[in-house]
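All letters in the sequence shown, in the order written, are residues 18 to 233 by the working numbering.
FYI, nobody ran anything at the bench for these hints, they're computed from the structure. Model, not experiment: these values are computed from the prediction. A hint or two may mislead.
Listed below are the simulated BS3-like cross-link pairs for lysine-lysine, each with C-alpha atoms no more than 30 Å apart in a straight line [what the hints assert, rightly or not]:
1) K84 x K74
2) K74 x K190
3) K222 x K190
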Amino acid sequence: MFFFKKRQHEDTQTTQPKIIVGLGNPGMKYTRNRHNFGFMVVDRLADQHQIQFTPAKSSFVFADTRKSSVYPASSSTSFRLCKPMTYMNASGVAVKQMLKYFDAEPAQIFVVYDDIDLPLGALRIRTNGSAGGHRGIKSIIDQIGTDEFPRLRLGIGPQGNLASEDFVLTNFKKEELPSVNDVIETSVNAINDYAEHDIYWIMNKYNQTKHKEFNE
């Protein structure tokens with residue numbers, strides 16, 4: 018089991034690349050699903066930095082911005098992009114392997130995922146907290162033994178009359194795509210800023226959205 022310590026959180030951020038974990042389901046049939054919002058963000062980051070994902074373990078793939086020819090970075094201003102290949106409900110299995118593979122602590126990960134409780138267009142950065150009904154986050158908490166890790170919640174609601182488990186597997190509608198792209202670009206900017214600033218700095222900058230009333 019991992020134990021979170023604020024001082025350790027501060028130290029490890031400056032000595033090792035941060036680990037950005039986008040949640041989603043692997044496979045082409047899920048590519049445009051709302052549940053794959055986290056994948057969409059890290060894929061966009063990989064494109065921006067012109068880096069490729071490679072397998073590390075059977076449970077995840079990763080790309081390292083230190084290999085970027087576009088934005089070369091040192092260890093203190095870089096990050097690793099990771100995508101679990103375990104399917105959403107077993108995301109924790111992959112994250113636990115990531116921490117072991119990179120010899121990292123939970124505070125070094127930054128999990129990006131869809132949130133049905135926030136409206137599309139809203140995002141919320143948090144330092145810790147419960148799963149809030151998200152099975153991927155629940156799996157991570159169960160596997161690593163703590164909820165003390167930063168995360169970025171991306172709104173996909175409202176769900177309408179569909180059950181939650183069905184709604185998250187629907188594709189974004191054509192008329193929603195401009196909002197989706199805006200959120201992806203804002204998330205990319207936030208993560209790039211996170212490479213050079215601490216979590217509280219990006220919270221202060223990016224948690225002030227036009228959907229402020231939902232961002233709690």
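(request) Below or equal to 30 Å on CA atoms is what counts here, so check K222 against K190. (result) Roughly 29 Å separates the two Cα atoms, so the pair holds.
(message) Holds or violated: K74 and K190, Cα atoms, limit 30 Å.
(response) Violated, because 34 Å separates the two Cα atoms, which is more than 30 Å.
(message) What's the verdict on K84 and K74, does the C-alpha distance respect the 30 Å limit or exceed it?
(response) Given that 30 Å is the threshold and the Cα spacing comes to 19 Å, the pair holds.
Hint compliance for this structure: hint 2 is the single one not met.
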